[in-house]
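Quick mapping for you: the protein sequence lines, in order, are chains A and B.
Using my numbering, read the first sequence as starting at 1 and increasing by one per residue.
Using my numbering, read the second sequence as starting at 1 and increasing by one per residue.
I should point out that these hints are in silico values taken from the structure, not numbers from a laboratory.
Glycine is no exception: its CB is placed at the ideal position from the N, C-alpha and C atoms.
Each hint should be verified, as a subset may be incorrect.
Label-pair restraints from in silico Cβ distances [said to hold, decoys possible]: (1) Ala132(B) <-> Asp366(A): 49 to 59 Å; (2) Trp157(B) <-> Gly80(A): 48 to 58 Å; (3) Thr227(A) <-> Pro175(B): 53 to 63 Å; (4) Thr181(B) <-> Thr161(A): 35 to 45 Å; (5) Lys70(B) <-> Ser341(A): 22 to 32 Å; (6) Ser222(A) <-> Arg65(B): 54 to 64 Å; (7) Ser70(A) <-> Met113(B): 35 to 45 Å; (8) Gly101(A) <-> Phe191(B): 55 to 65 Å; (9) Pro175(B) <-> Pro251(A): 52 to 62 Å; (10) Thr51(B) <-> Arg48(A): 22 to 32 Å; (11) Pro88(A) <-> Leu195(B): 52 to 62 Å; (12) Phe364(A) <-> Met113(B): 39 to 49 Å.
Sample of chain B residues with no beta-carbon within 12 Å of chain A, all distances over it, derived [stated by the list, open to error]: (13) Phe106; (14) Phe124; (15) Val136; (16) Phe155.
Derived BS3-like pairs: lysine-lysine, alpha-carbon spacing no greater than 30 Å straight-line [said to hold, decoys possible]: (17) Lys101(B) <-> Lys26(A); (18) Lys101(B) <-> Lys83(A); (19) Lys319(A) <-> Lys101(B); (20) Lys101(B) <-> Lys396(A).
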Amino acid sequence: MFMKNFSKYLIVGTLIIALGSLAACKNGSTGLFESIAGETTTSLNPSRGFKQASIGSMARLGGNFYAAISSLWVRPVEGGIWKPVTLPTGFVYAESLVTAGSSMYAILRDGNGANPKIRSFDGDTWTDDALAITLSSGHGLRGLFAANNTIFAWSDKYDATVTEEANRYTCSLYVLSGGSFAVVGGLDNVVAGTPKNLEHDGTNYWLSTSKKVYAGSSSAMSAQTITISGDTMADSDSFGGMAFLNIGGTPAYTLTTASGKLYHSANGTSWTLPDAGNLPKNSNAQTYQFNTPVFLSYADNNLLLAPSLSLTTSGSTAKAKGYVLFRLADAATIARSTDYSPISDYINNDTSIGTSSIRFFAVFRDTPTSGKITLFAGTQENGLWSNSFDGSTWSKWLRESDR
Amino acid sequence: MRLRLLACLVAISLGSFSFAQDFSPETSLASSTEFSMFQRGDSLLTLSAGTNLGIGFLDAEGSFRSSNLKPAVAIGLAYAMFLNPKLALGGELNGYFYTTKAERQFFLAPIAMRATWAIDLTPFVITPNIGAGIAVSVLDEMRHVDPLMSLGGGFAWRFNNEVSYGINLRFDFIPQFYINTPTRNHSLMLFGATLGATYHL
């Protein structure tokens, strides 16, 4: 009797499950079986720690790649395993890696994540002393930038007592000159949000912060008036970062925003919002939250990759993750590529970083115009991914391994 | 995690061994009237656990492609009622838990009607069977329901009149159609092996 009742309940339960499943069909950008059949290996057996890491920054020095993943890691450019790099005595954490000439620079912190110092590394040894920097009053050292073989550092200060939320962050920029950092004119404790990235267009340095854009020399920069034709940036919006494009000798600039917009300019002053009525959205119709874009030009391809963060806060919808790939036919014509080619495809994108919150892209090339290209993606809690171009094809996204 | 699940299911199946021993064959009503292993109206409920392997896909052009599936944990529940001492009809629900080559989780739930032919070799029984139904597939945010055809066979030892233990092998063929984009059409072929405990209701 027990077994008969038991079987009756099981059969009824089975029917309920079956009917529930039938009611929930949902298609993706590929067929479900097609998606599995088209998979490529995306992992080289990484350890759990490396697999779930949040990646801070990357640099290339000589024949090695370096990654700041809490501590500092290194692997040969040709491939191989990631190994930890010994930091100077007293330091445990490394962040914000940049290179200039034959040196790599990093911010190192002690075991408490405090006492940040800027040290340089030649691939074998660290300099004995930290580079001297005098921060603006009340500021904390946050990061490094490198452009045109010049090293910059930036700091910020948060003042919760300031009424306007947009004005609570102030920042300063410093340039490395003669073995110590000096504040850049026009960027000493300015109300501009937090710095995002720094570019050099061949003449001027461009600093993008979350609220403003500065341009000028390495010793003095000034805030640029950003005029956007046909669009107004909301007070609550912020810049994700800037990329300088050089297509066939014609310069152009792009700025991303946290609201998923990609502004375009030929001179850095007058901006447009291409395809304004059709902001990129993911399959759930969510707009992206763009971070700093990177420009990649090789052969006849001019690509712009805009990574997206995903920050869930109370009262707002989570933003789309992954990245958006834009193709530029020329310096003035930019359009989204929805199939992710040539660097990836739907399936590889979906099975790799397509659903991750991406903190940065980093591009490394053997030479400026030829040779192997390695593209890294540092994700939030989904490890480090790479995609390389051997001169004819891309490897597609593959998770980096540490063993 | 999947190994734990498999171990748990196998333990449940084997646990029934001691449960079944409480029923003495000598005191069973069924044993006193038995002329063949099964009679019209007999019902069987089978719980099974094991593994399932992806053989491969046939793509829209009929070319064979790797399944890209790692061996799955497979669990199953089947019910059958005998129409005569040889033929039983019933239904089954299975769950296959795969990890794909790109480390995605792929769940497949075949739900089918099944016809079973019983070959009585007391105390053993061989049960070739065919089935047809649907398969519910879940991969990331994608879900799809497709037709299913299965072909299988079981070999069981009748421990007593209440319960049998056996091994089951099966082949599943699941064509997946996209009417508007036929280039997406793929068919999946699977092979499974499970251990099962069958209760004679």
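Now for the hints, and whether the structure bears them out:
1. Restraint check, Ala132(B) to Asp366(A): a C-beta distance of roughly 58 Å satisfies the suggested window 49 to 59 Å.
2. The beta-carbon spacing between Trp157(B) and Gly80(A), approximately 54 Å, falls within the hinted interval of 48 to 58 Å.
3. In this structure the supplied range 53 to 63 Å holds for Thr227(A) paired with Pro175(B), their Cβ-Cβ distance being about 58 Å.
4. At about 58 Å, the CB distance of Thr181(B) to Thr161(A) disagrees with the hint of 35 to 45 Å.
5. In this structure, Lys70(B) and Ser341(A) meet the distance hint of 22 to 32 Å, their C-beta atoms being roughly 28 Å apart.
6. Under the hint 54 to 64 Å, the C-beta atoms of Ser222(A) and Arg65(B), about 59 Å apart, fit the expected range.
7. A C-beta distance of roughly 56 Å is found between Ser70(A) and Met113(B), which places it outside the suggested range of 35 to 45 Å.
8. One distance hint, 55 to 65 Å for the beta-carbon pair Gly101(A) and Phe191(B), holds here, with the actual separation near 60 Å.
9. For Pro175(B) and Pro251(A), the hinted distance range of 52 to 62 Å is satisfied, since their beta carbons lie about 54 Å from each other.
10. Separated by about 24 Å at the C-beta atoms, Thr51(B) and Arg48(A) satisfy the suggested range of 22 to 32 Å.
11. Evaluation of the 52 to 62 Å hint for Pro88(A) and Leu195(B) yields a pass: the beta carbon distance comes to about 59 Å.
12. Taking 39 to 49 Å as the suggested C-beta distance range, the pair Phe364(A) and Met113(B) does not conform, at roughly 58 Å.
13. At roughly 6 Å from the closest C-beta of chain A, the C-beta of Phe106(B) falls inside 12 Å, breaking its exclusion from the interface.
14. Consistency note on Phe124(B): stated as away from chain A, and its beta-carbon is indeed over 12 Å from all of that chain's, at 22 Å minimum.
15. Here Val136(B) does not stay apart from chain A, with its beta-carbon only about 4 Å from theirs, under the 12 Å limit.
16. A cut-off of 12 Å between C-beta atoms confirms that Phe155(B) is not in contact with chain A; the least separation is 23 Å.
17. Only pairs whose Cα atoms come within 30 Å are accepted, and Lys101(B) paired with Lys26(A) is accepted, the gap being roughly 22 Å.
18. For the given pair, Lys101(B) sits about 26 Å from Lys83(A) by alpha-carbon distance, which is consistent with the 30 Å threshold.
19. Taking the CA atoms of Lys319(A) and Lys101(B), the gap is about 28 Å. The hint holds against a cut of 30 Å.
20. The hinted pair formed by Lys101(B) and Lys396(A) meets the criterion: a straight-line CA distance of about 14 Å does not exceed 30 Å.
The structure shown violates the earlier hints numbered 4, 7, 12, 13, 15.
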